[in-house]
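Peer 1: For reference, the chains in residue letters:
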Amino acid sequence: MYFLSYSRQTFSQVLTLLLVLFFFSVTNAFAADDLATIQQMGNDNTAYVHQIRSDSRFGGREGINAVEITQIGDLNFTELHDSGINHVDIEQHGTQQEFSALVAGDGNDVLVNQEGNGNTGDMAIVGDNNAVSLSQSGNSDHSDIQVEGINNSVTVVQTGNSLNLGLELNGNNQHVTVTQQGI
Amino acid sequence: MKRHILTVAILSALYSSASFAGNGNDATVLQQGSSNAADVSQIGGNNKAAVVQAGSLTTANSSSQSGYSDGYWGNNYNNGSSSSSAFGDGSQNAATIAQTGSNNNANATQLGSNNTVNVQQTGNNNNTSSSSAGAANQYSAQTASNSSSWSSSWYGWYGYGSNSYQNTSTDVVATQSGNNNSVSLTQNGDGNNSNAGQNGNNNRVTVAQNGNNNNASSASAGALDHYSNQAQSSNSYYSNSYYYGWWYGYNNSYSSYNNQYSSTNGTTTQSGDNNDVSLTQNGDGNSSSANQNGNNNRVSVAQNGNGNTASSNQQGRQASSSFASSSNSSGGYWDWYSYANWYNSSYEQGSSQQTQAGNNNQTVLSQNGSFNGVSNQQVGNNNSTDMTQNGDRNAANAAQTGDNNVATISQTGSSNNANSLQQGGNNTTGIIQNGSDNNANVHAGYAYTSTTGSAGDSNNNDLTLAQNGFNNIADIGSVGDNNSASVTQNGNGNVASVQQQ
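Top line first, the protein sequences correspond to chains A and B.
Here our numbering is used: the first residue of the first sequence is 1, the next is one more, and so on.
Here our numbering is used: the first residue of the second sequence is 1, the next is one more, and so on.
If you're looking for bench data, these hints aren't it; they were derived computationally from the structure.
Ideal placement from N, C-alpha and C gives every residue a C-beta, glycine not left out.
Just to be clear, a hint being listed does not mean it is correct.
[To be verified] Computed, partial: chain B to chain A, Cβ under 10 Å:
no.: 1; residue: G197
no.: 2; residue: N404
no.: 3; residue: V406
no.: 4; residue: T408
no.: 5; residue: T464
no.: 6; residue: N490
no.: 7; residue: G491
no.: 8; residue: N492
no.: 9; residue: G493
no.: 10; residue: N494
no.: 11; residue: V495
no.: 12; residue: S497
no.: 13; residue: Q499
no.: 14; residue: Q500
[Claimed, not checked] Just a few of them, taken from the derived set where beta-carbon distance is under 7 Å, the chain A residues facing chain B:
no.: 15; residue: D33
no.: 16; residue: L35
no.: 17; residue: Q40
no.: 18; residue: G42
no.: 19; residue: Q51
no.: 20; residue: E168
no.: 21; residue: I183
Here chain B stands alone, though its shape is the one from the complex (with noise of 0.2 Å):
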């Protein structure tokens, strides 16, 4: 084996080329002083290769043809208003690539398999891009940390299964920290995972993954307004995609007492079967939207603290969402609005859960299809819930405790179930059902877990429920003063209950 060891140290030079062909072979270029440019390529297999320049307006490329299992290929050092470069088509490639000060550029292209890319950027206005292409096992690893305030960005992840049945791996982890960075990953291919950490403020991370298997997670924290505009993922292919994205938007407990406001905005979008998106924002002024369109997915998110919206949009079967909401103030005054719109088209076995906990919540939910489920849990005033299935076989409950609470539900088709209960005062419940062999249950004031026991008086209550149909049951029960129970039914067969006391 011929094995070349070669190291250049070069002082105030314009240009530093180098070639090497063979196996095994050192290179190691230093440059020190500003407006150098190195040029080393290396041909064979366990080669190593480095370039440091310490200066500003440098230019760093490295390249590797036919190497594998090269190890600092492509360690590349650059000092401010520098660009570096690394290029591989091998297999078992590691590039590294650091630099410091502002305005680096750092780009990184492998082709092959189980390559690996690290970039380290400290500073700002630094911008990095890779790209990776492997076929079956391919793995690429890459990291960023602009640690600086302004404008650093990071972008292109790309793993490419050239066979789609092939197990092709991309890993990507992208950490920033500072304000106004950006994150944008693309994955194509199948077993995926990117993860992207942000911490600081106007940050966006844009992710989007094709193929199946893939995994995503992103986590953001940052203070006065905060922005972050997170993940968008696309599984269109077959059978069991899975996703999963993870938004951490918190905003500090102070931020809101000084009337800060801070909003981070969550997005995601699937398509495919057995997918899942988890969304988690703390602080307030935030929003999410997932969308689904596929068989077996779940959406779940929740939100602590004000003034926040989340939605979801579902269509196929067998699709779950839950929604969960809390304050995490404690004492004194506290307001609480959150909005959530959940549309789940699902033909079957469809189910949603809302749990809100505050004053002045609203929850929309919509179904369409049959043997889908709706369940809403609202604990405080002000709150309003309104429910809408149609198709047949379906349950929607809504339950309310506190005061001043509306809960509406609507339902069309047959053998559909319909439940409302309510602990407080001045609530209202509108119930209609369209249809026929429905079943309706309205109660106020009566034990949460039960329909016999009381649960203390609640007065002033509105309660009314209209069916049209044949064979429909309508009940509503009461307990307390000042209570009005109304039933209307347009049909045969149908039987009314009402029990005040």
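Bound conformation, chain A alone (with noise of 0.2 Å):
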């Protein structure tokens, strides 16, 4: 019994790595000007990206900034800092893992996947045009989301119990989508 129950969590953990390793399979063809790729196995481990880029209301260099933080195991955290176009993608599997992301500009594309039980995202974006996805599966999972502009739409999927979303929108046109579904 006890193998049976192990090989099933070791089958669903290498499932879980390959459709990890498959999705960054199909999101690295981002055409990006600078891409960020951290993939973290183990745990208590700690991810930063900040990535800079501004677009011509502001000056600096434009282009495109595309960021993959992926994060298997347990007590992880990740903080983002990215400013101009951007995509973003954090994947996070375990247990009490925590994201931090702020990101500044227009047309983003940010998605958020954490599976496992407690655990908590901060996520801010600010900047018009911007598309926000946020997956939590799991017990005891918590979110808090700002978003700041015109025509974003923002859509967070919550499974598990004992689940917590703080959403806040300031700005027209914004297009809210959010489901918490138990177990």
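Once you've looked at the hints, go ahead and assemble the two chains, each given alone in its own frame, into the complex.
Peer 2: Next comes the structure, spelled out in structure tokens:
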């Protein structure tokens, strides 16, 4: 019985890894000016990404950033500060994972996926025409999302029990979809 | 005191022999003509003997037995296809052999201390050999000049200290001008010095020193097809061995332009502690190899030119090596290919530093042990550096300025530090660390002396970092467009940081 449980758990982890790798093999096709990729396998790991790129309104170097962060394990932490036109992809698989993201600019595409229990997230999006997607699967997950700008869309899917979501949007033509589903 | 002064002048005599016993004797033998032979034997001190043979196919033999302070002992003179030998078993003797013409042979043997040998040969196909054996404070100085162009050779210095704890000193000076010359030096004992200078093409120098506190230097200057294989030194005894070798293979700047090729090979082998190797090569197509086995050894190589190769192999503690290359070409097109392969098997506190300026350079660095440091700086395009360190508490630093450069660092162990700094475009950095508590920093486009300011855009760079272990720190930063940063960490407690602007 233990063997079956262990095998099932191992299979689940391998499948998760394969799915993540497949996912990245697709998203790596971003035509970005800068690309940052971090993959961490283990516990208590920390990932910091800071990408600076401005658009024509603010001067500076124009272009597109892409960041892909994958953390598989427990008690991992991700902090992201991006400016410009960004493609953000954060994957966390494990328990008590945490991410903090500040994305400033227009036309950003932000995708965060957390699988496990006790995961938390804090996200702030500043700009227009941004698309934000957050998926949390597990119990006792918690997220706070702040969006400022126009024509932004936010999609949140939480699956589990004892979930918590804080969502604040400032601006016009915002589109929000929230789904919370118990197990 | 009984004193003999004898002058023998023989015209067209086949053989002259004189034997003198006593102190303060002077003997002079003059022979004119060919196929003459002279033997002078002196027993005692303060004696002088001179044999002058004006002609070819002559033979002169001088010997001093139980002598001391013999001034012009063995002052032989031959002219063409002749042989001259000097033998002494005393101290403070001076032997001088002068030969002009071709196909001469000179031989000097001295048994004793504080002796001097001076051989002058002017001509072709001459051969000189000498041997000296003395104990404390033995001193022997030898010079030779072969100024023509064919198969001159100089062979043999031997200063031997019967008791290695005594201070045995032998100084050897060899100078050759011409082509196809060779110098072979062997020194056994402590405190010996040798110096070989060659001016010509296709020359060779070989030096072997066994003992402590020895010093060897050589300089060669040759043009087209110059070849010099210089120096093998083994200091196999205890501490305070010292070796200094200097190579100078010069290829004038016009030969490179005319696609002429100059090659100089230098090889140095040292066993023992506190040894130094210093190599300088100017010209194209040169190569050098330095091997050291011991502690506190140092290797320094400088190469100026194109197509040069340098390698160093050090095994021991607190060894250090440095390599510097630059191009003396000015303006226009120039291309440089250098390959440096440094292997440092230091157990602790070894350091290696390389500097290369130019294009198409390659550096390979390897260190085994702990507390080692390696640093490589390349300025130019299409350069590559490859660093490997196995052990704990090592540091590797790679700095590249230019385009299309590649830096690779591999570290296995704990508490290691790897740093890569690149300025330019289309550069690639790959760092892999296996172990715990390691730190890796990769930066492109940052100011040279810090990781904060920008040195200008660095575009199209590919920066990759992989760490396997616990509590590792990875940091990647780039300034410019189309840069890629990738961090992969397997283990717990790791920190990855990426900054792109």
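Peer 1: Next, verify each hint and record whether it holds.
Peer 2: Hints, one by one, checked against the model:
no., hint, in the structure
1, G197, "violated (58 Å)"
2, N404, "violated (20 Å)"
3, V406, "violated (19 Å)"
4, T408, "violated (19 Å)"
5, T464, "holds (9 Å)"
6, N490, "holds (5 Å)"
7, G491, "holds (5 Å)"
8, N492, "holds (4 Å)"
9, G493, "holds (5 Å)"
10, N494, "holds (5 Å)"
11, V495, "holds (4 Å)"
12, S497, "holds (4 Å)"
13, Q499, "holds (5 Å)"
14, Q500, "holds (4 Å)"
15, D33, "holds (5 Å)"
16, L35, "holds (5 Å)"
17, Q40, "holds (5 Å)"
18, G42, "holds (4 Å)"
19, Q51, "holds (5 Å)"
20, E168, "violated (28 Å)"
21, I183, "violated (29 Å)"
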